[in-house]
Amino acid sequence: GQQLNQSPQSMFIQEGEDVSMNCTSSSIFNTWLWYKQDPGEGPVLLIALYKAGELTSNGRLTAQFGITRKDSFLNISASIPSDVGIYFCAGQLGGSNYKLTFGKGTLLTVNP
Amino acid sequence: NAGVTQTPKFQVLKTGQSMTLQCAQDMNHNSMYWYRQDPGMGLRLIYYSASEGTTDKGEVPNGYNVSRLNKREFSLRLESAAPSQTSVYFCASSEPQGYSEQFFGPGTRLTVL
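Here the protein sequences line up with chains A and B, keeping their order.
Using the working numbering, read the first sequence as starting at 1 and increasing by one per residue.
Using the working numbering, read the second sequence as starting at 1001 and increasing by one per residue.
Mixed in with the good hints, there may be bad ones.
In the DSS-like style, the derived pairs of lysine-lysine whose C-alpha atoms are separated by at most 27 Å in a straight line are [as the list claims (entries may be wrong)]:
#1 Lys99(A) x Lys1014(B)
#2 Lys1057(B) x Lys70(A)
#3 Lys1057(B) x Lys99(A)
#4 Lys1071(B) x Lys99(A)
#5 Lys99(A) x Lys51(A)
Restraint ranges, calculated between C-beta atoms of paired labels, are given here [said to hold, decoys possible]:
#6 Val44(A) x Phe1010(B): 20 to 26 Å
#7 Val84(A) x Glu1101(B): 21 to 27 Å
#8 Leu45(A) x Asn1070(B): 24 to 30 Å
#9 Phe12(A) x Asn1030(B): 38 to 44 Å
#10 Ile67(A) x Arg1077(B): 30 to 36 Å
#11 Asn5(A) x Glu1052(B): 18 to 24 Å
Below, a sample of chain B positions facing chain A; criterion: calculated Cβ distance under 7 Å [claimed, not checked]:
#12 Phe1010
#13 Asp1038
#14 Gly1042
#15 Leu1043
#16 Pro1061
#17 Ala1082
#18 Phe1104
#19 Gly1105
Please keep in mind that the hints were generated in silico from the structure rather than gathered at the bench.
The model shown is predicted, which means the values in this text are computed figures rather than measured ones.
Even for Gly, the Cβ is constructed at its ideal location relative to N, Cα and C.
Bound-form chain B, shown alone (with noise of 0.2 Å):
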């Protein structure tokens, strides 16, 4: 099992640019979620997926929309990228239930010029 998989590795953007983060689990997770890393911020929330056909709104959604393709996948796109936008993005996977552990791939690191 390769768990939670996430591509591009590296990605470098101009302002303005747009751009899709794919992100895909093999566990049979119901739930999704997309989150950004900044430096001394921790990890905030950004959207996630309850269950396959359902997405919602986390702490910090604006410039961001978000696709549940199926159940194994869910993308990030970024429609016209801004320098605030730079970051590491994680994507997790759990089960929907109370108590239950999220799984996370291994990040995308974004720079936007």
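Bound-form chain A, shown alone (with noise of 0.2 Å):
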């Protein structure tokens, strides 16, 4: 099946410092999503991307969906305390088949 190449695994980093973690296919995506799961809590998306080339804000988050399809990428910029959790890149072929396939995720912990 389908595998997603999620890097880092884990980044520890200084309050304040920009962070940038990606995604890689071994096959195309129609859909790029990036969730965050908090400690003891279901992830939560962040941000979906629709199209090839695709760069997409939310607050302190960008994310862009890379023109070959097979890769994304997600920068958090001025980190802060509360950034801390596992970020999860999915994903979707789209159309009939709308399952997602997710990466094995980013741990990030940010020192205050």
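Join the two chains into one complex using the hints; note that each chain is given alone, in its own frame.
Encoded structure:
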């Protein structure tokens, strides 16, 4: 089946630093999604990308849908302690195939 | 709106015991999903239900059964629990079209001894 490679696996940064993480796939997706999971909670959608090349922002978060449709990245600017959590990328083929394939996650720790 | 709710929040079972994890959503979504989350493995799809009355296997269905009781409720059953089923289980729901967000419940933390 399809697999997503998400990197890095974990990051430990100082408050105020910028963060970048990415996902690559061996096959094409038509939608890329980025979720955040707080400790003890379920994942929550941060950003959805629907078109190759699309760049979308949500506050301090910016995500891009790679032009080849096989990759995506997420940037967080000026990190704050509440950014702590696990960030997941997910790909979706779309149309009649609406299941999500998830990356293994990036664990972000922010030191105040 | 409560969104997606799951019960129980925590459960400890002995090997061979059975149990059912409950999930309900109040967003009138047609599609519902069960995932398991293990350290370093991300979220893996166990079973899903595109609409009331249908269920399909996901990536890791062995050892599980599901029931789509009605549009709101989708349960996951472990008939004979094994230590390998120790995990955090998440239920999610969405509309079945492409490009639609999946909304997740808070999870059930299951330990099988």
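For the hint 21 to 27 Å, verify it against the beta carbon of Val84(A) and that of Glu1101(B). holds, 23 Å
Are the Cα atoms of Lys99(A) and Lys1014(B) separated by 27 Å or less? violated, 32 Å
With chain A as the partner, please determine if Asp1038(B) meets the hint condition of a C-beta pair closer than 7 Å. violated, 10 Å
Is the shortest C-beta separation between Gly1105(B) and chain A less than 7 Å? Because about 5 Å separates Gly1105(B) from the closest Cβ in chain A, which is inside the 7 Å limit, the hint holds.
Straight-line Cα separation of Lys1057(B) and Lys70(A) no greater than 27 Å? holds, 25 Å
Taking only the CA atoms, is the gap from Lys99(A) to Lys51(A) under or equal to 27 Å? Within the cut-off at roughly 18 Å; holds.
Do the Cβ positions of Leu45(A) and Asn1070(B) conform to the proposed distance bound of 24 to 30 Å? For Leu45(A) and Asn1070(B) the Cβ distance comes to about 26 Å; the hint holds.
Can the restraint linking Lys1071(B) and Lys99(A) be considered satisfied, given a maximum Cα separation of 27 Å? holds, 18 Å
Checking hints one by one. Is Gly1042(B) an interface residue toward chain A, by the C-beta closer than 7 Å rule? Holds, about 4 Å.
If I claimed the Cβ atoms of Asn5(A) and Glu1052(B) lie 18 to 24 Å apart, would that claim hold in this structure? Given about 36 Å between the Cβ atoms, the range is violated.
Determine whether the Cβ-Cβ distance between Phe12(A) and Asn1030(B) falls within the hinted range of 38 to 44 Å. Holds, at about 41 Å.
Any CB of chain A closer than 7 Å to the CB of Ala1082(B)? violated, 23 Å
Hints 1, 10, 11, 12, 13, 16 and 17 from the earlier list are contradicted by this structure; the remaining hints agree with it.
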